[in-house]
Amino acid sequence: MTKSTITFRTDETRKTELDLLAKSLNRDRSFIINEAIDNHLTMYDWQIRHIKQGLADVNAGRVISHEDVKTRIGKLRDQCS
Numbered sequence: 028m029t030k031s032t033i034t035f036r037t038d039e040t041r042k043t044e045l046d047l048l049a050k051s052l053n054r055d056r057s058f059i060i061n062e063a064i065d066n067h068l069t070m071y072d073w074q075i076r077h078i079k080q081g082l083a084d085v086n087a088g089r090v091i092s093h094e095d096v097k098t099r100i101g102k103l104r105d106q107c108s
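Quick note on numbering: the sequence shown equals residues 28 to 108 in the numbering used here.
Hints should not be assumed to be uniformly reliable.
Per label pair, the in silico range of CB-to-CB distance [what the hints assert, rightly or not]:
| # | residue 1 | residue 2 | range |
| --- | --- | --- | --- |
| 1 | 30 | 51 | 20 to 30 Å |
| 2 | 74 | 99 | 20 to 30 Å |
| 3 | 93 | 53 | 50 to 60 Å |
| 4 | 90 | 46 | 44 to 54 Å |
| 5 | 90 | 67 | 25 to 35 Å |
No lab work stands behind these hints: they were computed from the structure.
Keep in mind that this is a model prediction, so the values were computed, not measured.
Glycine included, C-beta positions come from ideal geometry on N, C-alpha and C.
Whenever a hint applies, use it, and build me the whole structure from the sequences.
As structure tokens, then:
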């Protein structure tokens with residue numbers, strides 16, 4: 028994989044925390060930043076896919092009414108009591 032350099036600004040506190048974390052994990056700053064970016068992109072990918080699936084379900088009529096949701100939650104709450 029080809030590496031590329033990017034630059035961004037952050038406050039001194041975050042930079043210090045980042046460096047302390049990297050040191051405690053015996054990693055360099057780039058490793059920690061790349062791991063954070065990977066996690067962030069993975070989270071947004073998951074979120075967007077689920078939003079699109081939800082919209083597809085709505086458009087296809089695969090929904091339940093508000094009253095049905097309240098009834099189901101009530102039953103679950105009763106089971107936990």
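Unsatisfied constraints (hint numbers, rising): Violated: none.
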